[in-house]
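Visitor: Next come the chains, spelled out residue by residue.
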Amino acid sequence: MNVIIVEDDFLTAHHLAHACRRLGLDVVAKADNAADATRSISEIKPDYVLMDVRLRGAPDGVQAAIDSHPNCPDTKFIYVTGSSEQSTRARIEMDHPYRILIKPVTEVDLGAAFD
Amino acid sequence: MPQQNRQSVLCDAAAVIARLLILLTAVELFAGLFFGANLIDSSFGVAWRASTLTLLCFGLFGLALLQSARGRATTPIAATLVIIGVADIAMIASGVEQGLNKPLIEWVLHSDWRAADRMAPATAAMLIWMAAALMMANRWIAAARRAASLGLVVACGLLLSLPLGLAHFTENTALSGTSPETAFLFVAGFGGVVLRAHSGGWPELLTLPTPASRATRRIAPLLLLPPLVLVLLARAADAYRWESGDIILGVVAAGVSAVSLALLFSGASALNASLAELARLAEWRELLIRELNHRTKNNMQQMISIIGIQKDRASHAETRAALEALSGRIRTLRDADRILSEHAETHGEKTVDMRPLISAVCASVSEAIDLQTRGVRLNLRAAAVEVEGQLATPLALIANELATNAAKHAFPNGRGGRIDVVIGPASSAADAGVELVVEDDGVGPAESSTDAEGLGRLIVKSLCEQIGATYADAAVPSGGFRATVVARCDGRAPTGNKQ
Numbered sequence: 001m002n003v004i005i006v007e008d009d010f011l012t013a014h015h016l017a018h019a020c021r022r023l024g025l026d027v028v029a030k031a032d033n034a035a036d037a038t039r040s041i042s043e044i045k046p047d048y049v050l051m052d053v054r055l056r057g058a059p060d061g062v063q064a065a066i067d068s069h070p071n072c073p074d075t076k077f078i079y080v081t082g083s084s085e086q087s088t089r090a091r092i093e094m095d096h097p098y099r100i101l102i103k104p105v106t107e108v109d110l111g112a113a114f115d
Numbered sequence: 001m002p003q004q005n006r007q008s009v010l011c012d013a014a015a016v017i018a019r020l021l022i023l024l025t026a027v028e029l030f031a032g033l034f035f036g037a038n039l040i041d042s043s044f045g046v047a048w049r050a051s052t053l054t055l056l057c058f059g060l061f062g063l064a065l066l067q068s069a070r071g072r073a074t075t076p077i078a079a080t081l082v083i084i085g086v087a088d089i090a091m092i093a094s095g096v097e098q099g100l101n102k103p104l105i106e107w108v109l110h111s112d113w114r115a116a117d118r119m120a121p122a123t124a125a126m127l128i129w130m131a132a133a134l135m136m137a138n139r140w141i142a143a144a145r146r147a148a149s150l151g152l153v154v155a156c157g158l159l160l161s162l163p164l165g166l167a168h169f170t171e172n173t174a175l176s177g178t179s180p181e182t183a184f185l186f187v188a189g190f191g192g193v194v195l196r197a198h199s200g201g202w203p204e205l206l207t208l209p210t211p212a213s214r215a216t217r218r219i220a221p222l223l224l225l226p227p228l229v230l231v232l233l234a235r236a237a238d239a240y241r242w243e244s245g246d247i248i249l250g251v252v253a254a255g256v257s258a259v260s261l262a263l264l265f266s267g268a269s270a271l272n273a274s275l276a277e278l279a280r281l282a283e284w285r286e287l288l289i290r291e292l293n294h295r296t297k298n299n300m301q302q303m304i305s306i307i308g309i310q311k312d313r314a315s316h317a318e319t320r321a322a323l324e325a326l327s328g329r330i331r332t333l334r335d336a337d338r339i340l341s342e343h344a345e346t347h348g349e350k351t352v353d354m355r356p357l358i359s360a361v362c363a364s365v366s367e368a369i370d371l372q373t374r375g376v377r378l379n380l381r382a383a384a385v386e387v388e389g390q391l392a393t394p395l396a397l398i399a400n401e402l403a404t405n406a407a408k409h410a411f412p413n414g415r416g417g418r419i420d421v422v423i424g425p426a427s428s429a430a431d432a433g434v435e436l437v438v439e440d441d442g443v444g445p446a447e448s449s450t451d452a453e454g455l456g457r458l459i460v461k462s463l464c465e466q467i468g469a470t471y472a473d474a475a476v477p478s479g480g481f482r483a484t485v486v487a488r489c490d491g492r493a494p495t496g497n498k499q
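Protein sequences, first through last, are from chains A and B.
Each residue of the first sequence is one higher than the one before, counting from 1 in my numbering.
Each residue of the second sequence is one higher than the one before, counting from 1 in my numbering.
Extracted from the complex, chain B is given alone in its bound form (with noise of 0.2 Å):
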C-alpha cells in the first residue's frame, strides 16, 4: 500500500534525523567542554533547562501511558491528570515568578504563563493514545500512525534547530518544548511505546533481535554517556565557561532529551512494525470474506443453474412446478443471505429490519407466478420491526411459502383477486414481537392436497417451531383465507399460546 510505505518513510526518516540531532548535541557539548568555544549560545541552555521540564512531565505521561497499556487503566488515568495538573501549576507558578517584577499586562501575556494552557492539545493527544492502546480499534491505529510520523518529523525539526543555535532567531515557546507541537510529538511517541508494550512489553524491546530493540541498546548509551563525562570534566578543566548551575541543569536536561529521543525512537519504529502487521492482518482478513462471498455467491448461482436447465428439461408439469417451487426457496435464501449481509456491512448490528428483506420476496413471488398478467395483485404493506439476524431467514422463507400458496391456489381458472402480505410489529403480544400475515380473498382453502402443497406446509410448520412462533389459519368469512404467524423478535418462544 503506497499509503503505508509513504508513513514507513516518514518513520524512518524521523529516525534518522533523532539520530543526528543526539550526535550533534554531543559533539557541540564537547566543542563546548574542550574548546572552550563559543558554539554554544547562550539562549541555548535557557532553552534546555525549560524544556526539561517538560520533558521531564512526557516522561511521566509516557509511564501512565504504560500502565494503561497492560491493563491498569484507571490507575494511570488518574495518575495522568494529577501529573496534567502539576504540570500546569509548575508552569504558572514559573510564569508568576517571572512576571512578578513586570507590568500587569506583559505579565499576563508571558510566554511561560500562557505555555500552562498549551498543556491541553498535549492532554487530548495522549487521551486519544491511550484509548488506541486499549481498544486497538482500527480507526484509532489510524490516527495515531499519522500522528506518530507528523509528530516525530516535527519534533525532530524542533529539537535540530537547538543545537544549530537557530534558537534566538526563533525566539518563541516552540523551541522551549512547551508549544502544542512539541506536546504533541512526544505524546505521539510515547503512544507508540505504549503499542510496543501491548505487543511484548520492555524485556522484549530491550532484548529482542528486532531493529527497534538493538537501535535502543546501541543508542541509550551513547545518549547517557556524553552528560556525565561532561560532568567529571567540567570540575577538572578550567576551559568550563557556565555556570555551575547551568551545567547540572544540562547534564539532566540531556540525560532526560536522550532518555526521551530513544524512547520516542524505538516507540516509533515499533509503532510502525505492528500498525504494519495489523494492517497487513486486516487486508487479509477482507480479502478472504471477500472471496469466501464470491465463492458463495457462484455456488448459489450454479445451483440456480441447474435447476433452470433441469426445469427446461423436465417433461412433466409436476415435476416443472416442484423444480419452480425449488428456485423460489432458493432465490429467498439468496435474497435473505443479500440483504442480511449488506446489513452486517453497513450496520453492523444485530438485528435487522425485515421490510426490504420481505419485499424482495413479494417482488420474486409476484414476477415468478406472473402476478400482473393474471390479474391477481399482490399488496406488500410493511411497518418498520427489528428482528434478530437468525429469525430473518426462517420468516423470509416462511412468507415466500405463504406467499406462493396463496398465489397457485387462491385463484384458479383465471379468477382475479388480490393477496396482502402484511409484516410489522405484533398487535396482541405483551412481549417485542413480529407478526406477518398473508391473506387472500381468493377461493379458500384447498380440500385436497398434493405432495408439493404438502412440503410447503411442512417447511412452514417447521421453520415455526424453530423460531418458536405460533402459525394459525382460518378460512376469512368474506371469501379467502389468512395465515399468521407471531413471533418473538429476540427469536425464544413466546410466552402466549403454543398452537
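Isolated chain A, as found in the complex (with noise of 0.2 Å):
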C-alpha cells in the first residue's frame, strides 16, 4: 500500500512519512501545496494520502482533495489538521474524507487511522 503526505510542515512531513514507513507503507510522494498535490495524486492514484488543510498558499487541503477526486475515486483521504473548530470541520466534512485527524498526531494515532 502506498500513501501521499500533504503537509507545508517540514518536520511534521518528515515524521509523518517515518512514521508511515514503518507502519509498513511506501511513501511514494510529499507536497506541501494544493497544485503539486492534486498532480501528484492524480497521477500515482495512491492508496492513502494524508491531508493537511492549510498549506502553502491557496487554495486549501480540502480544495487539492476535492479537485483530485475524479482522477482516483478509491484513494483514502486521511485530513491531519490543527484546526479543531467548527468551521473547518464543516468544511472538511463536507469532503466525506476517510479520517479525520487532529495535530498533533503520533506514530500510534496514525497506526489506528490506517487500519
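Hints may contain errors.
Unchecked claim - No more than 30 Å apart at the CA atoms, straight line, and that leaves these computed lysine-lysine pairs for DSBU-like:
(1) 76/A x 30/A
(2) 30/A x 311/B
(3) 311/B x 461/B
(4) 408/B x 311/B
(5) 76/A x 45/A
(6) 76/A x 311/B
Claimed, not checked - Some but not every residue of chain B turned toward chain A, in silico, with C-beta under 7 Å:
(7) 290
(8) 294
(9) 298
No lab work stands behind these hints: they were computed from the structure.
Note that beta-carbon positions come from the ideal geometry of N, C-alpha and C, so glycine has one too.
If you follow the hints, you should be able to join the two separate chains into one complex; please do so.
Guide: Right under this line is the structure:
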C-alpha cells in the first residue's frame, strides 16, 4: 500500500513519512501546496493521502482533495489538521473524508487510522 | 458580515423614513392651518389623541429603562410595573367610559378595552431589553438587534399612514398606537437608547460628533417648533378649523411623537453602532483564540515530530525507550488539552468528567506498548466523576505513568495477563473525592529500578503532591501490583491521612 503526504511543515512531513514507512506503507510522494498535491495524487492514484488543510498558499487541502477525486475515486483521504474548530470541521466533512486526525498526531494515532 | 450589513441598512432605512414622516407631519399641520385645507382628515386628530397616551407611556418606559441602564435595577423594574399598571387602568377606564352607553357585548369587544391586554407583549419585549442592557450577553444583543430593526420598519410604516390620511382605510387599533406591533417597536427603540446610555449616556449623545448625536441635535428643534408655532398662529388666524381641545391635544401629541421619534432614531443609530462594535470585537477575539489554538496544536505536532525523528535515529535501546516514554507523556498532555478545550467549548463549566480522558490515556498506552499482541488485556472501569479542570491534566499524567509502568514491567518474557484501570468517586473519602486505581496481575513490584522508572515514580509523586492527592501502592496477595491515588475533586488537600 502506498501513501502521499501533503503537509507544509517540513518537520511534520518528515515525521509522518517515517511513521508511515514503519507502519509498512510506501511513501510515494510529498507535497506542500495544493497544486503539487493534486498533480501527484492524480498521477499516482495512491491508496491513502495524508492531507493537511492549511497549505503553502491557496487553495487549501480540502480543495486539493476535491480536485483530485475525479482522477482517483478509490484513494482514501485522511485529513491531518491543526484546526479543530467547527468551521474547518464542517469544511472537511463536506468532502466526506475517510478519517480526520487532529494535530498533534503520533505514530500510534496513524497506526489506528490506516486500519 | 452580510447579516450585519442587512441590519444596518434596515436601521438606516428606518431612520430615513422617520425623518420623512416628521417632515410630512409638519407640512400637513401647516397646510391645514394656513390654507384651511381639508388635508387633515377628522380621524387624524382622533388617532393622534389616542396614540398620545401610548407614546407617553413609552416615554416613561424609556426613562425607567435608562434608570436600569445606569445600574439602579430594582427601582426601574418596580417603577415600570407601576407605569404599565397605570397605563392599563387608564386604557380600561377609557374603554369603560366609551362603552357605558353601548350594549354589553359591544363594550366587552370595545377596541380600547382590548387594547389594555395588548400591553403584555410590550411588557415582555421591554423586559428582554432590560435584560440585554443589564447583562450585555451576546444572544440577547442579537435578539435585540433584530427586534430593533424590525420594530423600526413596522413603526415607521404604521405612523406614516397617519399624515398620509390612510387612517380611515384601516380602522384598527394599530394606528392608535396600542397594537402589539406599535408597542413592541417603541420599546425596541427605547432599548436602543438604553444601550446608548451604557456606552456613554445622554450628555455624550447630545454633544459628541457622532452621526447619531448630530441627527438628534438637528431633529429635536425641528420636531418641537412646529407644534408651538401652530398654537401661536392658531389663536390669530381665522383659518383654524379645529375645536380648541383638539389643537391642544394635537400640539401635545405632535411634541410627544416628535421627541419619541427622535429618541427612536438616535437610539437605533447608536444601538447599531455599538452592536457592530461588539460584534467586531467578538469576531476578533474568536479569530485570536482560533489562531492560538492552531499554533498550539502545530507546535505540539512539531515537538512530537522532532522526538519521533530523534527516536528513529537513536541507536541505543535505552534512548529509544526514554524517547518513547516522553512521547507517551506528550500524548497524554495532548489528550488532556484536546478534551479540556472541547469541554470548555461545549460545556463551559469549571469541572470536567474524567472518563473520556482516562479512556484516551488507556487507548494510547495500549496502542503504544502493543498490549494486544503481547496477550495483555487493559480493562478500563470508569464511573462518572467530575473534577476541577486543573486536576484533569495531572490525574491523566499519573494514570499514564502508572499504566505505562504496569504495561512495561509487570509482564516480562511474553507473560500474558491483565491491567485494570479504575476511575470513579472515592469510596472511602468523606469529602467528594476521585479515586484512580491501576492494578495488574503481573510479577509484582520490581526489585531494582532503572533511571527511567525512577523518573516515572518522581512524576507520580510530584503530581500527587501538587494536587494534594494521597498515593499508596502495594503488592497484591494473589500476585501483582496495585497503585491507588485519591484526590479531592475540588483540588484541595484531603482531610484524611497524607502519605
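Visitor: Work down the list of hints and note, for each, if the structure agrees.
Guide: Each hint tested on the structure:
1. Distance restraint check for residue 76/A and residue 30/A: the Cα-Cα separation of roughly 16 Å lies within the 30 Å cut-off, and the hinted pair is therefore satisfied.
2. Between the alpha carbons of residue 30/A and residue 311/B the distance comes to roughly 22 Å, so the proposed pair stays at or under 30 Å and holds.
3. Between residue 311/B and residue 461/B the CA atoms are separated by roughly 27 Å; this keeps the pair inside 30 Å, and the hint holds.
4. Pair hint residue 408/B plus residue 311/B holds up; C-alpha atoms about 18 Å apart against a cutoff of 30 Å.
5. Between the alpha carbons of residue 76/A and residue 45/A the distance comes to roughly 10 Å, so the proposed pair stays at or under 30 Å and holds.
6. Between the alpha carbons of residue 76/A and residue 311/B the distance comes to roughly 28 Å, so the proposed pair stays at or under 30 Å and holds.
7. A cut of 7 Å between beta carbons decides the hint on residue 290/B: the least distance to chain A is about 5 Å, and the hint holds.
8. Against a cut-off of 7 Å between C-beta atoms, the interface hint on residue 294/B holds, since the closest Cβ of chain A lies about 5 Å away.
9. For the restraint placing residue 298/B at the interface with chain A, the shortest Cβ-Cβ distance is roughly 5 Å, inside the 7 Å limit, so the hint holds.
No hint from the list above goes unmet by this structure.
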